[in-house]
Amino acid sequence: MIEKWIGLSKEEKERFILNFIKKLKEIDKEYNIFTQINDEVKFKENPPLILRYNNGKYEVNEEFIKGIAENMLYLLPVAVKDNICVKGLVATAGSLILKNYYPPFNATVIERLIKKGIFISGKTVMDEFGFGSFGVNTFKVAKNAIDKSRVAGGSSSGSAVYVKLTSFPSIAESTGGSISAPSCFNSVYGLTPTYGLVSRYGLIDYANSLDKIGVIASNIYDVAYLLSMIAGKDGKDSTCVGNRKDYVSNLNYFNEKNVREIKVAIPKEFFIGDEKILDKVKEAIEMLKKYVKVKEINFNYSKYALASYYIIATCEASTNLAKFSGLRYGEKGEVENKSFNEYFSEIRSKYFGEEAKRRILLGTFARSKGYRGKYYIKALKVRDLIVKEYKRIFSKFDFIITPTMPTLPPKLKEVKNMKPIDIYNIDKLTVPPNLAGVPMMNIPLDNFIGLHLISSYFEEEKLLQFSLFIDELWKSR
Amino acid sequence: MEVKIGLEVHCQLNTKSKLFCSCKNEIAEKANTNVCPICLGYPGSKPVVNKEAIKKAIIASIALNCKINETFAFSRKVYFYPDMSKNYQITQYEMPIAKEGFIDIGKKIRIRRIHIEEDPARIVHTGNIKSEKYILIDYNRSGIPLIEIVTEPDFCDVSEVKKFLRKLISLLTYLKVFDPKKNTIKADVNVSVNGGERVEIKNVTGIKNIEKAIAFEIIRQKRIVEMGKKVERETRKFDEDLSITYTLRKKEEEEDYGYIFDTDLPIFESLPFVNEVRKEMVLPEEKINFLIEKYKISKELAKSIVYSHLFDLFTYLSSKFSDYNLIARLLGNYLKKCLNYNKISLEESKVKREDLLTLLKLVKDKKLPERKLKEIMKFYPLKGNLSKFIKEERVNVDEAIDKVLKENEKVVEDYKKGKEEAINFLIGEVLKKVNYNANAKEIRKKIIRILNETK
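Taken in order, these protein sequences are the chains called C and V.
All letters in the first sequence, in the order written, are residues -2 to 474 by our numbering.
All letters in the second sequence, in the order written, are residues 726 to 1180 by our numbering.
Derived from the structure by calculation, the hints contain no laboratory data.
Treat the hints loosely; a few may be bogus.
When the alpha-carbon atoms are kept at most 20 Å apart in a straight line, the in silico EDC-like pairs for lysine to aspartate or glutamate are as follows [to be verified]:
1) V:Lys1024 x V:Glu1005
2) V:Lys858 x C:Asp468
3) C:Lys375 x V:Asp808
4) V:Lys858 x C:Asp443
5) C:Lys378 x V:Glu819
6) C:Lys371 x V:Glu819
7) C:Lys371 x V:Asp981
8) V:Lys1170 x V:Asp1127
9) V:Lys1170 x V:Glu1134
10) C:Lys233 x V:Glu777
11) C:Lys366 x V:Glu1010
12) C:Lys393 x C:Glu258
13) V:Lys855 x C:Glu258
14) C:Lys375 x V:Asp981
15) C:Lys366 x V:Glu1001
16) V:Lys792 x V:Glu994
17) C:Lys366 x V:Glu777
18) C:Lys335 x V:Glu857
19) C:Lys277 x C:Asp443
20) C:Lys329 x V:Asp808
21) C:Lys335 x V:Asp808
22) C:Lys260 x C:Asp419
23) V:Lys858 x C:Glu331
24) V:Lys741 x V:Glu1001
25) C:Lys279 x C:Glu386
26) V:Lys855 x C:Glu339
27) V:Lys1128 x V:Glu1138
28) C:Lys366 x V:Asp981
29) C:Lys366 x V:Glu819
Can you build the whole structure from these sequences, using the hints too?
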């Protein structure tokens, strides 16, 4: 899409966007994609957004675009997951407690995008604070772009649906698989970068040691473009250590000759789930065997990854969500004749969804006196083992391939019959690499079915290159 | 009865900015003006550590003879309270910055650990705690850096605590880690009597209150034991108005803070900070001993000079002038008093080194009595412009005597009539005219001679 976009003139781009917003409203009604479409931007002192709604018409904000209209990405419409702060638009993070929250600052990734003239088309729906794999744990539930009766996947549900329906990219976020799952279920490309490559400043936290901002797009070039714009060191985020890089210019590096050196590991423990999915992924692996070295391996400790993840994630989440107590931002309540404890308890009980409450309770318990050593500290040690396991495998192999998800996206009406523990188990393939913080890409193979390509830390360039190779090979088979 | 006291002292650090954001660490006139999304705990904001705060914490740790840990990290202490912008405090739990130090107050008071943490916001009461309708919160204080110094229960009485706190404060003030003009000191105090249960008194502000709280608590506990009862393990608070401690919560209601690591912040290595700090840091004891040994001045004056940051000035003047004791009095006594009284530092004053050398020479040449030097040093450091204070170097005493005798004929008459005291008045007038740059005895002799001649 970006390649096409670059070819349009400034006027063509502007005309397109004004129509595009109308189209977005229609598909939003049908698929429940947005918490807010960027169509009613009121002019403020520092307008971060390009379009202005003035007297019933949309118009381009001339003062703001001076100097960036010439930019080739001017007005490219990128949707942003609603837990990433965009000044001027709402940031609900999928939660009723932030239903009317307008952040006073932009996330770093947003600053980097709007500097290039990117148009933030809207904020996309998500599971509350990231708590979910289907997109159902929130006040507006997205529908799968391929089959409206199915879940869109989560927690970046709206983002993946947007990409599938418009072919334009979206900035999303993953903690335990929230980019890979919806990308897989909507058959689009989703990149979860190495933890620490992209700044988290301005991301409403789920779990600080696990959250990563990434990209969902309709093709690998778009992923590479967007990653090049958002990745790299940020002084505002002490954990953001990666370097800025151009991921686009060398994207088609691999060819049938030089790819021969590549070694791919296939961990047995990850080949579980729906037969249809396993067949498709194995078919892709067979195809690759003609060009690269493929070897089956054992992935030690993989069965402990899910538990370790849920303990660490909920422990951190329970502290991150403590700040929502009806003061300074978010929903507030009646203050008369109440103690502080009564006041905030009421608000949190009223506005947090069931899954949010469940995870706060779990996380608070796992780090409480008498249990902290057994759960929280133990989970950290297990994570360390899994990190070491990935390092061990990547010392011998270039990539790991697994299916992205073990099941097809369930029907929306089936979900309420599923137990929380069964839903958590759906994450078992995406959680291990997310827990370790290694980068991964969902490559769509068929409707609802994706292949998960995983590489070592900070090897996004190689990951994107090999993804392109696999993708082109698969499409031309 | 045996008394055991332990302290957890919280000292605000004297840095330019807060601990995790660039908001100013200073006293503001209006509430909620030194604030930003980070110290207000806005969703999406992230802490970034203030390196100056780390360095000051390390300086304090070295001065308190602690071992600096190789690595340190931050943790979240979770509890819900209106003054908490995130409902967790970023502090240090498993990996503090330093451990195992001491302060010597005649006996060694051991320090278990020192860690860095952020201050919560300030609660402003709008009335009596029991009857006020609402409280106000000022986030200017939210995020100010603190060090918490935890001692072993090595204190046996209030006077030891007093000595400890005074020494701690003067040391930290000297090292510019703490500024008594803008930083506060608080403590949680643990007291037990006769090997009984430990009672914690939380959040006592200022040295005087800490001493009072301990004194009251010791008496309270002793009385309980004397009556044959047992002291309960609990948390208490100190009421500043009534000077008593009262129950806050019982043992069963102890807080469970659910500590986790704060993973918005990395694990830090202390070595780079320590190296930077050691280059700049010389402890006051070293400088004091140096002055005593090399210049043979008194310990009291040496301490005074070092703690008033006049050490460099002293060594400069001593390289140009050989009466070290005079210099010591000039700086450690006269100048220090003026700076203290007016609450300014040497840099803020108008003192010039060359002026001080001039004064020293005048005293040496007996052209300026030391008494007059002391007078001058009350005002000169504020005003500068030394020449106004000493007028002319060569003072014509004879001219002054002539003038005074002419202007005070009646007094001269009185003296001639036999009133001896009259001459004192005349001497005083002459001294005033010559700006005290003369010897009273000599003036007396001269006046007597002149008056005798004219009899």
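Inset, instruction - Check each numbered hint from earlier against the structure, then list the numbers of those it violates in ascending order. - result: Hints 1, 2, 3, 4, 11, 13, 15, 17, 22, 25 not satisfied by this model.
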